[in-house]
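J.: Sequence:
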Amino acid sequence: MSANHIPVQFSDRKRRAVDRLTRRLVTCCGVAILLLMLLLFCWLIGVVLPLFNAPGLQVAASQQLWDRAPALAIGNQGKVGWRISERGAARFIPLDG
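0 is the number of the first residue of the sequence shown in numbering that gives the first Met the number 0; add one for each residue after it.
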């Protein structure tokens, strides 16, 4: 077993001061981490809580259509078109050529 020698020039008063400083620093950092975790938890609750509310929809304004002609549209990729009749029936039209 090796002997662990403490340097003579390092006094007990200095050691106590360093010990106190280290203990306070570690305590402050631990409390800061706990407060940060509490803050993150509160933020997470604030972000997630609205997901559990019932969705709602309100009519801002209504607009009348001037033309009674059927609606025509083309898909995003230009491969399919569709026509919506006055009765609301949809007819898909392939645009392959």
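FYI, nobody ran anything at the bench for these hints, they're computed from the structure. Be careful, since some hints might not be right.
To be verified - Label pairs and their computed distance ranges (CB to CB):
id : residue 1 : residue 2 : range
1  : Leu50     : Arg12     : 56 to 66 Å
2  : Cys28     : Ala60     : 50 to 60 Å
3  : Lys13     : Cys41     : 20 to 30 Å
4  : Ala31     : Gly77     : 51 to 61 Å
5  : Asp95     : Met36     : 55 to 65 Å
Beta carbons are placed, not taken as given, at the ideal position from N, Cα and C, and that holds for glycine.
J.: Could you tell me which of the hints above the structure violates, numbers in ascending order?
T.: Hint check: 3 fails alone, others pass.
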